[in-house]
Structures are given as structure tokens and as C-alpha cells.
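Visitor: Each chain, written out:
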Amino acid sequence: MSEHVIETNGLTRFFGRNCVVNELNLKIPRGSIFGFLGRNGAGKSTTIRMLLGLLAPTRGSARVLGRDSAALTPDDRARIGYLPEGHHVYGWMTVSECGEFQRAFYNQWNDEIFHAVLSHFRLDMKTKAGNLSRGQRAGLCLALVLAPEPELLVLDDPALGLDPVARRSLIQSMLYVTRKADRTILFSSHLLSDVERVADEIAVLDRGVLRACCRQDTFRRQVRQFTLRYADGEPPPLPALTGLLQSFRTEREVSLTVANLSADDERALRALPNVSVEETPLSLEDAFISYVSERGEKSFFTKDLEGVK
Amino acid sequence: MTLRLEIFAGSGEPIYAQLEAQVRRAVVAGALTEGEQLPSVRALAERLTVNPNTVARAYNELITEGVLVARPGRGFFVAPRRQVFSDAECQRRLDAAIRAFLDEVALLGLTQTQIQARLRTLSAEYKKL
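Protein chains in written order, with the numbering used here: chain A, 1 to 309; chain B, 1 to 129.
FYI, nobody ran anything at the bench for these hints, they're computed from the structure. Predicted, not measured: the structure shown is a model, and the values here were computed from it. Every residue, glycine too, gets a C-beta built ideally from N, C-alpha and C.
Derived SDA-like pairs: lysine to any residue, alpha-carbon spacing no greater than 20 Å straight-line: (1) A/Lys180 x B/Ala56; (2) A/Lys27 x A/Cys214; (3) A/Lys27 x A/Ala70; (4) A/Lys180 x B/Arg47; (5) A/Lys180 x B/Val41; (6) A/Lys180 x B/Arg57; (7) A/Lys180 x B/Ser40; (8) A/Lys180 x B/Gly73.
Over the 10 Å line for every Cβ pair with chain B, so calculated as not near, a few chain A residues: (9) Asp232; (10) Pro235; (11) Leu272; (12) Ser293.
Computed from the model, here is a short list of chain A residues facing chain B with C-beta under 8 Å: (13) Leu175; (14) Ser193; (15) Arg197; (16) Pro281.
Hey, can you work out the whole structure from these sequences and the hints?
Guide: Now the structure itself:
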């Protein structure tokens with residue numbers, strides 16, 4: 001068994017002349033909860049659809065559960081659970097009928113999980129799916145995708161439109177699923193505090209380019225912010241920092257956000273005369289925002305480039 | 001007693017570091033006593049709705065620091081108070097912490113006496129926690 005459940009090789013997709021996914025080399029370790037981050041239109045859903053063989057890549061390839069995405073067999077698909085963006089349901093079916101319908105496609109079906117998730121979201125079996133609230137629909141979709149106990153779970157923005165309680169239920173369900181060690185979850189989200197709770201690893205996609213793919217800890221450790229205070233007048237000349245993402249200047253302060261600051265650069269920064277240098281802790285959200293800001297274009301921490309683990 | 005742990009996702013401090021600091025503080029303050037058992041990694045992760053690896057990481061850091069011990073198959077316990085570091089290592093760590101502290105306060109323009117007085121007050125408060 002491969003240690004990676006998903007592996008892409010130069011995965012690329014154009015829509016017309018527009019390159020939506022650009023030379024993606026993504027590796028998702030078995031057993032991990034993997035957060036897929038990026039702004040709207042960054043190419044996350046397109047990537048997911050190529051991974052599942054629903055969309056042909058223009059170039060490159062993807063392997064999922066050891067097989068090329070273009071050649072997934074029904075047996076392979078039975079091992080994958082996919083929750084598409086938007087929580088689609090057949091409105092004319094009842095919750096119970098949705099379950100029976102879905103069940104007919106799978107050899108394996110855990111009714112206990114199905115009902116546990118439904119009750120988590122307070123769903124009644126007799127309700128018409130079309131009459132459910134957005135959060136309840138999300139709960140139903142989640143129950144449908146979890147009941148076959150897939151080895152690989154792919155959730156495309158599952159938290160979209162959910163209230164805080166439903167979001168917490170979603171996270172609990174995700175953690176519950178990965179109690180079995182060989183279960184892997186790939187999920188995309190804009191809710192960085194949720195990502196912080198659950199994700200072992202993250203990938204950052206920015207305008208089709210993979211700009212980070214590493215452990216969440218690594219990203220947190222390597223995107224740092226420093227505040228430089230100086231007496232008055234002009235700021236001192238700053239050393240050239242290779243990983244500079246953002247710099248803001250106010251009257252007596254310069255605030256720098258840097259990725260992958262080298263020990264030499266940090267020493268140079270701290271040795272500036274007449275300047276106090278203080279590191280400000282960054283939340284995952286702030287780190288992410290700095291990282292995908294206009295200024296930042298370089299890629300750090302992709303394992304291939306930097307060998308960071 | 002029940003251990004009160006609270007985490008805030010979305011803050012500047014990573015979740016494992018929040019947990020590590022809270023458990024360490026509970027031990028120092030005597031809310032957790034020597035030999036007392038901590039919740040299992042899984043149970044705590046469920047209670048706080050966080051990835052179990054995050055809890056495991058906090059526990060492992062605390063084991064390295066000598067605050068907790070792991071007894072295989074039984075769980076995590078508050079370690080007996082003992083000197084984990086050699087005298088020289090203790091001295092080195094103390095010096096490093098003091099230098100970092102001095103770097104921070106050097107520009108505040110306070111006198112030695114003011115700083116020492118404040119240090120005494122805050123360490124007394126720390127012990128009372």
C-alpha cells in the first residue's frame with residue numbers, strides 16, 4: 001500500500017486559454033486530515049474534480065488509491081466518498097428514501113453511522129429533503145457520504161453556509177471518521193479556525209499554483225511576523241529578506257511578514273542598530289492572508305522544493 | 001478534580017501550545033498533583049473537538065519537559081517532581097530565558113529596581129494560581 005492516497009504529477013487544466021490549475025504536484029498521506037485552502041476561484045474544486053476522474057486534465061495526471069484517476073473502477077469508487085460543493089439533494093425524496101437510494105449503490109453501508117449523523121443534525125426520517133434547511137441538508141449529505149465508510153473522504157467546502165453548531169457537528173463527524181487509522185479526509189474550507197482544529201496537513205492553492213503543501217505546524221512556524229520599532233525619522237535600511245510577504249509602515253514601526261526566514265536573515269534583522277525587534281504571533285488566518293496577498297508570489301514549503309517536513 | 005482546559009482556535013498561539021501551557025500551569029499551581037492521571041488523548045480531543053494529534057503533541061512536549069510521564073497501556077500521569085536537567089543545563093536555560101527577557105525590557109527605560117520589584121510581584125502571583 002502506498003503511503004500516499006493521492007498523488008498528482010504536473011496536474012494542469014485549462015478552460016479555454018485560462019490556466020485554472022497549473023502543474024500541481026500534490027501528495028496526501030494516508031491517514032491524514034488534509035485541508036485544501038485557497039481563495040475563491042483558486043482552482044480547488046477543479047482539482048478535486050480531476051482527482052475523482054470527473055474532469056480530464058489538460059496535462060499531467062493524478063493517482064488516487066493507487067490508480068490513475070482516469071481509470072478508477074467501480075470498486076475504487078466505492079472506497080471514495082465525495083461530497084460536492086453545495087449540498088445537492090433530491091428534493092422530492094424523504095430523508096429515509098435518500099438513504100435507501102444511496103445505499104443501493106454500495107456493498108457496504110453502516111446504518112449506525114447514518115443514523116448517528118442524522119440525529120447529530122436533528123433530522124427526521126420522514127421529512128422531504130426539499131424542505132430541509134441548508135444546515136440540515138448538509139447533515140443529510142454528510143450522513144449519505146459517511147455511511148458507506150469510505151477509505152478516502154473528499155469534502156468540497158462542506159462548511160459553506162452552516163451555522164456554528166452545525167459546523168461543530170461537521171468537525172466532530174470528521175474526527176470520528178478518522179478514528180480508524182487508515183481513513184483519509186481531503187476537505188476544502190475558508191474557515192481557518194475550523195481548519196486549525198482538525199487539519200494535520202494543509203495545501204495552499206493560489207491562482208492555480210500550489211504554494212504550500214506541508215504540515216499545519218510547519219506553516220504556522222514558518223510564516224512569521226515581526227514588528228520593528230525605531231526612534232523617529234526614517235526607518236533604518238532593512239536587510240533584503242528573501243521570503244518577505246508583506247510590509248506595513250507606520251510612523252515609528254515597520255511590520256514585516258516573512259516566510260521561511262533564514263537564521264542569517266533573522267540575525268541581520270535583530271542586529272539592526274537602534275531598533276527593537278519583536279515577533280508578533282500570527283493566527284493561521286492571518287498567516288494565510290499574508291501568504292496569498294498580492295505581494296507574495298513565491299512558493300515555499302512544497303516538499304519538492306524545500307524538503308520541509 | 002476536573003481539569004479545566006479551554007482552547008481558542010483562531011488565536012496567535014497554536015492549539016497544542018495552549019494546551020501545553022495550561023497543563024503545565026495546572027501542575028505548577030497544584031491543581032494537578034503528582035501521580036494524577038490525565039484524560040486520554042482521544043477523550044480530550046473529543047471534548048475539545050480538536051485533532052487527536054494536536055493533543056498528543058502537547059502531551060509529548062510535556063513529557064520531554066518532565067511534567068508528565070507516559071505509562072504504556074495505562075495513559076498519561078503527572079510526573080514526580082524531579083530535576084530533569086543537569087545543573088549546567090538548568091543554568092544554561094535560565095540564562096537563555098533571562099537574556100530573552102532582557103532583550104524585551106531593555107528599551108523600556110526602567111531601572112533595575114523597578115524591574116526586580118515587578119518580577120517579585122508577578123512570581124508571587126504565579127505561585128498562587
